[in-house]
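*Asks:* Following the hints, complete the assembly by docking chains B, C and D onto the known chain A.
Residue numbers (the numbering used here), protein chains in the order written: chain A, 1 to 316; chain B, 1 to 222; chain C, 1 to 485; chain D, 1 to 678.
Treat each hint with caution, since some may be false.
[Claimed, not checked] Computed from the model, here is a short list of chain D residues facing chain B with C-beta under 8 Å:
1. 551
2. 663
3. 672
4. 674
Since the hints were made in silico from the structure, they are not lab data. Even for Gly, the Cβ is constructed at its ideal location relative to N, Cα and C.
Listed here are the chains, written in short residue letters.
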Amino acid sequence: MNWLNWLDQFIEVLVALAAAPLLLGWVNMCRAWLQNRSAPSLLQPYRGIRKLLHKDAVLAHNASSLFRIAPYIIFGTMVAAAAMIPMLGTRLPFTAAADAIALVGLFAAARMFLSLAAMDVGTAFGTLGARREMMVGFLAEPTLLMVIFVASLMTATTALPLIAENLAAAQLAIHPSLLFTAVAFAMVMLAENARIPVDNPATHLELTMIHEAMLLEYSARHLALMEWAAALKLFNYACIGLALFVPWGLASNGDPIRLGLAIVLLAGKLAVIGAGLALIETLSAKLRVFRAPEFLATAFLLAVLGLLVRLLQVAR
Amino acid sequence: MNTIPLDLQIVNALAALLLLLSFSMLSQRRIVSLVNLLAMQGLLLTVATLMVAWRTGETHLYLSGLLTFALKVLFLPWLLHRLIRRLEVYWDTEPLLNIPGTMLVGVLIVVFAFGLAQPIAELASETTRNSIGIAVAVILLSFLMMITRSKAMSQVVGFLSMENGLFFGAMSTTRGMPMVVELGIALDILVAMLVLGVFFFQIREQFDSLDLHHLESLKEGD
Amino acid sequence: MEFLLLLGTPLAGAIWLGFFGAKRRAPDVNVGLSLITFIAACALTARVIEHGDVLVGREQFFIDPFNVFLVTLTAFVGLTTSLFSRPYMRIERDHGKLSSRQLKLYHSMYQLFMATMLIALTTNNLGLMWVAMEAATLSTVLLVTLYRTPAALEAGWKYFILCGVGIAQALFGTILLYFAAEKVLGNSGVDALLWTHLNQVKAQLEPSVLSLAFVFLLVGYGTKVGLAPLHNWLPDAHAEGPTPISAVLSGLLLNVAIYAVVRCKILVEGSLGSTLPSNMLMGFGLLSVVLASLFLWRQRDIKRLFAYSSIEHMGIVTFAFGMGGPVANFAALLHMTVHSLTKSAIFFTVGHAVQKSGSQQMDDIRGLVTTNPTIGWGLMLGSLAILGMPPFGVFASEFLILTTAMQQQPWATPILLLSLAVAFAAIFGRVQPMVFGETQGKRLPHPPALLPVFAHLALVLMLGLYIPPYLAEWYRAAARLIGGE
Amino acid sequence: MLLRASRRPGGAPESALTTLLALVTAWLAIGLAGLIRPRSLEFAGRALFVAGAVVGLLLAIVAAMSIALPAESVVLPIGLPDLPVHLRRDALSSVFLFLLGSASVGISLFAAGYFRSGEGTLPGVLCLEYHLFLAAMAMVLLADDAYAFMVAWETMALSSYFLVTTQHRIPEIRRAGFLYLLIAHVGAIAILLAFGILQGGSWQFTFDAMRGAQLPPIWAFAAFALALFGFGAKAGLVPMHVWLPEAHPAAPSPVSALMSGVMLKTAIYGMLRITFDLIGTPTWWWGLIPLGLGLFTALYGVIFAATQSDMKRLLAYSSIENIGILFTGIGLAIVFHGVGMDAMAALALIAVLYHAINHAFMKSLLFLSTGAVLHATGERNLGHLGGLIHRMPWVAWLTLVGVLAIAGLPPLNGFVSEWLLLQAFLLAHEVPKPFVNMLLPLGAALLVLSAALAGYVMVKFYGIVFLGQPREAALHDAHDASVLERVGLVWLAAGCVLLGLLPAQIVPMLAGVVADLGINASAAVTSAQSWWMLAPLPARSISYAPLVFTLAVVSAVLVTVLVGRLVYRRRTRRADPWDCGYERINPRMQDTAEGFGQPIRHLFQPFFAMDRELPSPFDRAPRYRVVVFDRLWRLLYLPIERIVQRAANAVSVLQQGRISAYLLYSFVTLIVLLASVL
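Bound-form chain A, shown alone (with noise of 0.2 Å):
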């Protein structure tokens, strides 16, 4: 039944669309009542977002196109990649298009194009900023796939929904090396998410400021698809963060009952990885700019060493 894979996979980017800031607004909310203070609605973002398109847009007398083009680019590409990230199903008819390898470099393209664009305008921030999301980038972009392939050599394959498949059919339910990669792959997300501790999503104090550097000169509907990519960003990480070490309970094919039950479930596993994310930014203070290549070169070096763990037991 093919044409329920591709229902499958229509639905899957909606979804991921719609849920988007839902996750983001989750997030936020667990955090204020950690901290206890009143928590905004959880529909905050989606208000930003309303606001936001009913702005005039300003530009900077010295903006190229890129720098206008870049938001439609850096959106398109999450969509693009919330296509690649098995949500619910794992017979997506993208999978045999694009695999792993080339989902991380659809990230990376974001990345460019996010900085690239930051630099546009050409005020000091701005250059910051770039360089700041490069840095984390040059070492977050290895650790991610380092993170994929451990996971790749257990089930042969680098797309990413067949991976997920193999490991929910795998009888072995925890991986001592995907343990090592669990905690790599939690440290990149945080960074590349602009979270805590690499990151502050709610300061412009610029000594810290990485992320929302780059945003500065940004307005209206540009800066309303830039938070937008940006909750989706952090979706897809939590979702392939889900595929690689939960990966129970994906429609193994498209039936509509399955797949009703997958999103209740991803529902509740997105529940707890934005509480979970939430406590950690609690927890964890900021650290210095010049600390986050450390905390990522960790990172980078726990992904490896997943992989010599799991070819040791290969070796054996």
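*Replies:* Relative to the frame of chain A, chains B, C and D by itself:
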């Protein structure tokens, strides 16, 4: 042990004398007497050549004997004496290796030369048993002299006594070279001497002395 | 007939120029004589190609595959050099470095030198060969000291004494050879020194005598080849003489000397049947290459630089002859050819470069291409060629030599290659700044004659890409001859 | 199988090779034609280069069509008497000829618009050198005996040396040229030695003889090591890389493009030729050497690229990185082939070939764009550039393609080859060698790291040159590239895109090449492969379909734009940049090249030898200066020079000018020799 005919004994005696002369050259410091010794060498050479010529009856040896006489006994010494007088170089300065040392090395060289000549002597006609060895010895000794002397003039004398050694070798081993060659060689030596004469004056007017220490500017080490 | 022309022209010319060498047309006469010589050489070559070897003058002179191409080469380079020296000497006189008397001397000696070399090449009589070699030395001594500067005198003196002594050893070697030959050929005297006869009976010659003879001959003629450690006269003489003489010295005289060595080697090897001569040649060759490449490293004077490079290449040739065998001999002959062509071309450009900058110090010579592109490119291409850069012919011969070395003397190959690399760094590092960069040189009073340069380089280039069949045949025949068949 | 299918039988046997030869001669003729009117820029500098581009195009077409044809060879009546020039065209040469031709099209067109009068060498001479360079590279690829190969190889080095020293008045350029030629020559010597070993006692220096020769393993390894040294020196493998960052900035941009894009690949070709064709059966552990060196080189190059502030040096170091990647692939292929995992070996080799072609296109593109910038601004230093996207949009947008491609981003070509190589690496743990199979996959980690760093480098390069505010007033009147230049750039950019989109068409061809090298590639390219999807190794379900992928991304972007148009009704106006409300922002406030290098310098401290000048708080006019050196220069090259110098000094003592000493030498020599025969 058959008795060696007289003339051969004479040739050998001359050979011995030749060796003696080159030794005395090695020890001699006065340039004028060096030249005289050279002339005596030439004389010995002539006599030896004539002896061999008389014995073998080769006409061209008589010729080369006369040539030798003219060139080495008369012309060259005369030329050198003239140069000495014109350039006022009578004494050689202290040689680079002192006389006894030079003599010692000389003795070693003679031993070596004789050893070297052994295989050839086996083949040589009985005329010239040890004269080959002596010829080699003379050549090497004059070589040594050229090394140790530091005046241009004495080097030239060394060079010429080397030529003498060569001639003696040629004469004693092979009763001289073919005539063409003999003439050519003689011509070469003659020209060489003339060139040298020119040289001496040029050097003299450049450095107003014939001391070879002036001729050490072209070198690699600095 | 050609023979008389070949040897007579330069002799007569030497005498004539000795009297009228200072006339305004004297350079042109010089060129004309060289041209006649060259034509004679070509005619002779043609004859040899048609009828094979030639023996003339009561067997005193002969042409066989080995010396015929050397004769042609000598005559050719002699011609081009005389062409080059026309403007060069004019400029020297305009710069007031030479009087007309010296010019007279120069022209007459130049022809005499050519004559002696041709005799040494063509004579069949080893004694005459010695005489000619000595004469060549004498005629060039006066040319080396032409400028009468202290340095020139010193160089001349060293040249005279060292080569004189060396040559004397060669004479003794010849005597010993004669001695041994007599035992076989009987006491007929005259033809006991004829190479052709010796070559027929070489197997019967007494080995012990011949080995001694070879040592003396090697040391004697080796001094003129410039084999280390007998080479010490060579850089001085090259650096202090007038440039055309440097060109013919390293382009031709060295060849002739090596020719003499090889002639003797053929006989001795035939008699000994041992590898002794080969080993000696290889030893000398290798030593020369290594030492020369190291000396190159610290040169400041441009002519000394290329003099040492000549030593290096003579070392390569000697090594190749030492290895022997058809390929190595072939390569060695080819290397002699390309080396003399290239090196003389280099000296031509160097001469003009020195005249422009008024100094032989390489630090004073700068930016040749900017003021005088032809000189600059000539020097650059020439140096690259002599350094064994393809597609020039030097690479072809070095390729053959190196590959043969890998085959026969593997241990020697790395040494050779390292020395070549060092030489490359040394020479090229010096040449580049002279050719490129800013300049302060002045124009020359007379237009330089650079036709010879590019003629030579073109030939070398051709030999690198394509060796005409008859030439190759020639080399092969010579190689066989040297191989002793 | 598919590659059987791709081997079209028939087709005139000799035709391809003879045609190629004719084209090479045409290049030579064009070069010589430059000497007819050497001073005329219009003729020698424009028309002839366009003609050269046409020849290049034909060459590329012929080569591409001849890839599937069986090998053909011819013997020319030139060269050495006993060793006439043998030429041979097989699949491998065809691929690299295609690379040469296709890349040269763009470069020649650009060059036709690039050269201005009054730049050092005359246009005519330049034209000669340039086309001689092209022809020599072609001959290297066609040569089938050692002599022809060496001649072509050194001619290539020589002509490129003259091209590098076009502006020979500048001392640095002369120094660069010298260093380049010297290292090239030393490498050539090593290659010659390798051939000397390879002929294996037959003393035939044709490649056929070498193929036939049976070498004892140790000698085979010696040949391999020498070849690695020689070709590594040409390719810029660390530690023989020092000439590269000097020579590339020195050369005129089209030349740098040609050298970096094409010439370095001839070294890769040589390596493949010797390893897989002439030696034939490499032992598996040999592969570890190029693998290790390659990984180190890749990391080394990209790290140094990140710290450069001269845009052409930056690109040169990036070339070093890519060379490292290529050698890594070769090493991996050797290991796989050695242990009999031919499918994986084929995969790795395909990746190598593919990356070679890719790099030719993208690096040429980038070097040419720096040339355009150089002409427009006269600046090479990143510190004085910026904001050029407004003044030269053509160059800027085309460069963006190259930047994204070389950063290895999908769907462009750089990604495809890295994807293939990574897939190969992911299988490395199956190598049946204890310990090695654990270390190999870690190579993937380093590979990915350097790829990510390449992204960093490229953002720095593009952002600082083309984006932001101009750092100098002069940049405001920078002009865009001329028409011919644009055409050249467009050609190369198009190549990047197409190579990225059509791997499914290209990989089977390359598989044929690999099979030609005696590696059974049939398993690597499956029948499951369709015209739109790249799916090597049927056993694993790995696949990549750039067309679909691109379609998805592009459609997503377009939909976003459309929806944006629909829902958004507000106006857009221009204002001053906000920058947290700070008014008086000036270009100096932007991040500098050094600033961009800082994190890398911080993180990879041990690689660099830096000398830094930090301002104290009380400085009147505080200045910050940092210069980054190559440690290897001091650790390796200077010592060698010192050793030779010492030896020379020692020897020079022999010649103190004393004639008696000289006589003594002769005397001693005589005595010694006499004693020896006694």
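*Asks:* Next step is simple, just say for each hint if it's right about the structure.
*Replies:* Structure-based check of all given hints:
no., hint, in the structure
1, 551, "violated (75 Å)"
2, 663, "holds (5 Å)"
3, 672, "violated (11 Å)"
4, 674, "holds (6 Å)"
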